[in-house]
Structures are given as structure tokens and as C-alpha cells.
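Enquirer: Chains as they are written, first to last, in numbering that gives the first Met the number 0: chain E, 0 to 293; chain Z, 0 to 263.
Among these hints, one or two may not hold up.
To be clear about the criterion: a stretch of chain Z counts as covered by chain E if any three or more of its residues have a C-beta under 8 Å from a C-beta of chain E, and this derived list gives those stretches [said to hold, decoys possible]:
#	stretch
1	89-100
2	187-198
Derived pair list, reagent style DSBU-like, types lysine-lysine, alpha-carbon separation capped at 30 Å [to be verified]:
#	chain 1	residue 1	chain 2	residue 2
3	E	LYS185	Z	LYS81
4	Z	LYS159	E	LYS185
5	Z	LYS226	Z	LYS52
6	Z	LYS81	Z	LYS117
7	Z	LYS28	Z	LYS18
8	Z	LYS183	E	LYS159
9	Z	LYS159	Z	LYS183
10	E	LYS185	Z	LYS52
11	E	LYS159	Z	LYS81
12	E	LYS185	Z	LYS133
13	E	LYS159	Z	LYS18
Here are some of the chain E residues that sit facing chain Z, going by a computed Cβ distance under 7 Å [said to hold, decoys possible]:
#	residue
14	LYS159
15	SER162
16	THR163
17	ILE165
18	VAL166
19	ALA169
20	ASP173
21	SER179
22	GLY181
23	ILE182
24	LEU256
25	ASP257
26	PRO258
It should be emphasised that the hints constitute simulated quantities derived from the structure, not laboratory data.
Heads up, the beta-carbon is just placed ideally off N, CA and C, and yes, glycines get one too.
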Amino acid sequence: MDFFLQLVITGLVVGSVYALVALGFVLIYKSSDVINFAQGEFLLVGAYIALTMVMLYNVPFLAAVALTLGFCVLLGLLVERLVLRPFIGEPVISVIMATIGLSLLMRGLVQMIWGTDTRTFPGIFSDTPIRMGELVVSSVYLWSLALAILLLVVFNLFFKYSSTGIVMRAAADDQMAALSMGISVKRIVAITWAIAAVVAAVGGILLGNINGINPTLAYIGLLVLPVVILGGLDSIPGAIVGGFTIGLLEALAGGYLDPIFGGGVKEVAPFVVLVIVLMIRPYGLFGKEIIERV
Amino acid sequence: MLVLNNVEVVYDHVILVLKGMSLVVPEGKVVALLGSNGAGKTTTLKAISGLLKSENGEFTDGYIEFYGERISGMEAETIVRKGIFQVMEGRRVFEHLTVEENLIAGAYTRRDRPNIRKDIDGVYEYFPRLRQLKSRTAGYLSGGEQQMLAIGRALMARPKLMLLDEPSLGLAPLLVREIFRIIKQINEDQGTTILVVEQNANIALSIADYGYIMENGRIVLDGEVDKLIDNEDVREFYLGMGDLGTRKSYRDVKHYKRRKRWLS
Ligand SMILES: Nc1ncnc2c1ncn2[C@@H]1O[C@H](COP(=O)(O)OP(=O)(O)OP(=O)(O)O)[C@@H](O)[C@H]1O
Ligand SMILES: [Mg+2]
Numbered sequence: 000m001d002f003f004l005q006l007v008i009t010g011l012v013v014g015s016v017y018a019l020v021a022l023g024f025v026l027i028y029k030s031s032d033v034i035n036f037a038q039g040e041f042l043l044v045g046a047y048i049a050l051t052m053v054m055l056y057n058v059p060f061l062a063a064v065a066l067t068l069g070f071c072v073l074l075g076l077l078v079e080r081l082v083l084r085p086f087i088g089e090p091v092i093s094v095i096m097a098t099i100g101l102s103l104l105m106r107g108l109v110q111m112i113w114g115t116d117t118r119t120f121p122g123i124f125s126d127t128p129i130r131m132g133e134l135v136v137s138s139v140y141l142w143s144l145a146l147a148i149l150l151l152v153v154f155n156l157f158f159k160y161s162s163t164g165i166v167m168r169a170a171a172d173d174q175m176a177a178l179s180m181g182i183s184v185k186r187i188v189a190i191t192w193a194i195a196a197v198v199a200a201v202g203g204i205l206l207g208n209i210n211g212i213n214p215t216l217a218y219i220g221l222l223v224l225p226v227v228i229l230g231g232l233d234s235i236p237g238a239i240v241g242g243f244t245i246g247l248l249e250a251l252a253g254g255y256l257d258p259i260f261g262g263g264v265k266e267v268a269p270f271v272v273l274v275i276v277l278m279i280r281p282y283g284l285f286g287k288e289i290i291e292r293v
Numbered sequence: 000m001l002v003l004n005n006v007e008v009v010y011d012h013v014i015l016v017l018k019g020m021s022l023v024v025p026e027g028k029v030v031a032l033l034g035s036n037g038a039g040k041t042t043t044l045k046a047i048s049g050l051l052k053s054e055n056g057e058f059t060d061g062y063i064e065f066y067g068e069r070i071s072g073m074e075a076e077t078i079v080r081k082g083i084f085q086v087m088e089g090r091r092v093f094e095h096l097t098v099e100e101n102l103i104a105g106a107y108t109r110r111d112r113p114n115i116r117k118d119i120d121g122v123y124e125y126f127p128r129l130r131q132l133k134s135r136t137a138g139y140l141s142g143g144e145q146q147m148l149a150i151g152r153a154l155m156a157r158p159k160l161m162l163l164d165e166p167s168l169g170l171a172p173l174l175v176r177e178i179f180r181i182i183k184q185i186n187e188d189q190g191t192t193i194l195v196v197e198q199n200a201n202i203a204l205s206i207a208d209y210g211y212i213m214e215n216g217r218i219v220l221d222g223e224v225d226k227l228i229d230n231e232d233v234r235e236f237y238l239g240m241g242d243l244g245t246r247k248s249y250r251d252v253k254h255y256k257r258r259k260r261w262l263s
């Protein structure tokens, strides 16, 4: 039972990071039909910048996080302006190729600046694990989970109730109609990229605190692909549920099945479930149906 | 208030759609723009609202002025802020948003946030049906309800000039009359100037002060509504009445192969 709960907690923590990264993915897809292959690199850059500020310049952790997020807003806006704006009116596939180029560029820069060694954040969260009955959980796990959930809740409320959130969903629904009411679609797309960079960076900082960071972390950008497809590429709740589901699946499959099969199940399990779900629900768990009525 | 002077519009650099289109919309009036399919009515509205750009259309001649200021070539966003709001053909509500969220999106350009709530209630006064449906997903509304929402969403921007593109499209006759009654009421209560494009000439002329008839990218006939209604050609080709006032179907009209006089 203990072992099971331990796996569940690990799964939830990893899942919450997946959910954050997937959220950025989904936002970009919704607003511009683009699959952003550089999402993992946003995570990387965010994590390294926070780390550098903490280690090199002794900035207090929370301040470093705040500064990093500010930086990521700028990064997202810059990427939109320099990489995506020139592609307006071009086929979506060209934009997707551009994001692949962007991901290689960013990863290269990160390796040039920070190298490939794994680095860890200095112990920010207390080392003493938290006991919950029989269960022992390291406090960094709980903090990460709480932070990720808080952020997800905030963003959900933002999209549901704030006027900017409503307008972002409106533009995702019908760009031309949005344009006709004076909504600047360019501005919406820019905000989207900024948010995507910010949520990814938070994911990166959390992971950095748990396992340390090195450039291979960027592969999370690809790992969340099954997450978003499972949840439905265009669904914000879907990204969140998908993130937690895949996180749990990986942890449980890794804990119970890997010892039996000698490893590898953890990596495959998400895709197996993905295929099964897509057979039953082609739009993913929460994907928006095409509303047909005239 | 709005002047189009000799406007020429080309799509994709080659397709000439508006060929010297001129039209005037006086402040506070309802103006109807009639014409057959493909005449260029929608293109005219898009030229005014600035939506042409996103469809690869461009001005090659002429100009459009709003309150004496040249607006041809401005961004759609800027034009909306100046007080022109287009209700697009086919309603185009945001399908996955609720009715109320659609209204909020319509108010995007407004600076006076506190009044928005009041205006939402104002829209519900015009369209009580929408109040009952306010948390419904807009995509599942009936065609008529969506049209009400599209007009309500336009009201939220408090435009000075509202451009309506075929509001009668696909609606039952009773509902068409209801929608047009409300359009007229909006014009009277709020002083909103209205330029309405219609296939249904009868209903459009019933609320309009002035009418333009367009063929093939330019205006071929215009006049005060009472004069237009008396015009033999208009009666025959647009109102579906023969000389004796008997109803004729469009097919009969074609069968007669009578040349429209203003084209000869
Ligand atoms: N985006 C576009 N690109 C190329 N040609 C276009 C475009 N939009 C419209 N056209 C052409 O311009 C002409 C006029 O179209 P428009 O939509 O303005 O007609 P309309 O008068 O609104 O017709 P309807 O009553 O059928 O709505 C048509 O021949 C159409 O094929
Ligand atoms: Mg049209």
C-alpha cells in the first residue's frame, strides 16, 4: 500500500509538470493551430535562468522565480515577433518547421552557455521529509505539486472569467469574427506565446528542484505530446487531466511492471493508453467537438 | 457620415470585384444595399470595415471616408474603434463560448468597463430570448437565436455605424420580420446608423430610408425608398411583383428574358 501511495505521489508531481508544459502547448495550438516543438526548450531556458540567478548572483529563490517569469514573458513575445510574425499567411506546416528550428537553436544556445552537466538548485525546500501516517514524502514534492496546482487553477480562472481570457478563446474559435470586433489577433497570439513560455519555465524550475537540470530535460517537450493528444489538443482542462493521467501511468507502470518486464514499460505505457483512448474518442478526452449546425 | 467614392477592389491581385463603387450613408439613417448573388455586397462591407486585408483583397482606386476622415486602408481594429461594426454574413458567433461570453467579446474595444454590465442587460431587453439562453454554448443556438446574438454582440461595441450582412439569411419569415423590427428600433432608440445588405429586398426596404441597388461591382440604381418601390424594374426583379402587382417567381422573370433597363 505504501509503495502504491509513493508511486501515486511521484506520478502526481511529474504529472503536474506535464500539465504545465502541456498547457502552453494547447494554448498555442488553440490560438494559431501551431504545434510548438520548442515548448521543451522554453522549460530549459526558464530553469537555467532561474538557476543562474540563484547560484551565481545569490538572488533569493522567489525573487529569482519572479524575474525568470518576467524574462520568459519577454522571451515569448520576442519569439512571436521574430519567428512567427513573418510567417503570417504561410501554411501552418512552415510555422511548425520554424518551431523545430527554434528548438534546435535554443537548445544549442543553452548548451553553449551552460554546458551539458547536470546542475542542481541549492536546497531551497527543507530536507526533512514530511510524514503523513505511514507515508514519507520529501517536502519538495509537496511544494511542487501545490505550486503547480495553484498555477493551473489561476490560469483556468483567467480563461474562464477574465475578459482577456474570454477574448483569447473567442479568437481561437473564429479569427475573422474576432478581427471584425476589433480584437487584435496578433496581440492575442503574442500573449499566448508569453504564457506558454511562463508555464514551461515554472515546470522547468520545479523539475530542477526535484532532479536537477541538464539539457536533456527539453525532451519533456516531446513527452507531453501524448499528454495533449490524450486530453484533446485544444482543451485546457484536457491538458491538465492528461498531464496528471500520463504522470500517474508512468509512475505506476514504472513501479509495478518494469521489474517484471525488465524495464521499458514506463516509456511505452502512455502511448498504449493514448491509442486506446483515441480509438474510443478521436478528439481526445476533452477535445472540442466540431459543432455542426446551420 | 460614410462616403465611398469610386472604390475599386481587387482580390488576389487579379480578380476585380468592385468597379467604381460609390455610396453615401447619412447619419442616423437606415440604408439598404441590394443586389444579386456575387454582385459584391459583402466585399463592399468588408472594404468599409477593413476586413478585406485578411482575405488578400486590396484597394486599387477610390477612397472611403468616415466623418470626413479617410479610412480605406486602415486596420480593422482601428476602424472598429472609430465606431464601425460589421455583423458578418452567416452570423459567425463564437461557437464554443456562451452567449454572455460572446457579448463580452463584442465589447472588447470599449474603454468604459463599468458600463458593460448595463449594456448586456440592454441587449437582453432587445432580445429577451438571449437572457434565457445566456449560459448556453452559442454553437448550439438556433439560427435565429444566433442572429440575435450576432446583432447583440455588435450593440455591445456601441457602434455609430452598424453594417449588417444578410441578417435574414436562413430564417423563417416571422423571425425575419422580428429581427428587422428590432434593427429599426435600435436605429430609432440609439441613433445607430445602419447599412444593411439584403437579398430579401422587401423586408430591407420596409425599414430603410434610402436604397442602393448594385450589379457587378457598381451601383446601378439608387433612391429614396418610396421612389424605388415604385420603380418598375425594382418591382419586377427585386420585389418579385409584375406590372400588375401580381407575384412572380424569379424563374418567370428569367423566362421573360426582359433586359433590365439600367443595364442597356
Ligand atoms: N476572398 C475572395 N477571393 C477571391 N474572390 C472573392 C473573394 N471574396 C469574394 N470574391 C468574389 O467576389 C465577387 C463578389 O463577392 P461578394 O461576396 O462580395 O458577393 P455578394 O454580393 O455578397 O454575394 P452574396 O449575395 O452571394 O453574398 C464574387 O464573384 C466572389 O466570387
Ligand atoms: Mg454576401
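Enquirer: Now tell me, hint by hint, if it's right for this structure.
Expert: Outcome of the hint check:
| no. | hint | in the structure |
| --- | --- | --- |
| 1 | 89-100 | holds (count 7) |
| 2 | 187-198 | violated (count 0) |
| 3 | E:LYS185 - Z:LYS81 | 20 Å, holds |
| 4 | Z:LYS159 - E:LYS185 | 26 Å, holds |
| 5 | Z:LYS226 - Z:LYS52 | 36 Å, violated |
| 6 | Z:LYS81 - Z:LYS117 | 22 Å, holds |
| 7 | Z:LYS28 - Z:LYS18 | 25 Å, holds |
| 8 | Z:LYS183 - E:LYS159 | 35 Å, violated |
| 9 | Z:LYS159 - Z:LYS183 | 14 Å, holds |
| 10 | E:LYS185 - Z:LYS52 | 14 Å, holds |
| 11 | E:LYS159 - Z:LYS81 | 29 Å, holds |
| 12 | E:LYS185 - Z:LYS133 | 29 Å, holds |
| 13 | E:LYS159 - Z:LYS18 | 46 Å, violated |
| 14 | LYS159 | 9 Å, violated |
| 15 | SER162 | 6 Å, holds |
| 16 | THR163 | 9 Å, violated |
| 17 | ILE165 | 5 Å, holds |
| 18 | VAL166 | 6 Å, holds |
| 19 | ALA169 | 4 Å, holds |
| 20 | ASP173 | 6 Å, holds |
| 21 | SER179 | 5 Å, holds |
| 22 | GLY181 | 3 Å, holds |
| 23 | ILE182 | 5 Å, holds |
| 24 | LEU256 | 39 Å, violated |
| 25 | ASP257 | 40 Å, violated |
| 26 | PRO258 | 45 Å, violated |
Checked against the numbered hints given earlier, the structure breaks hints 2, 5, 8, 13, 14, 16, 24, 25, 26 and satisfies all the rest.
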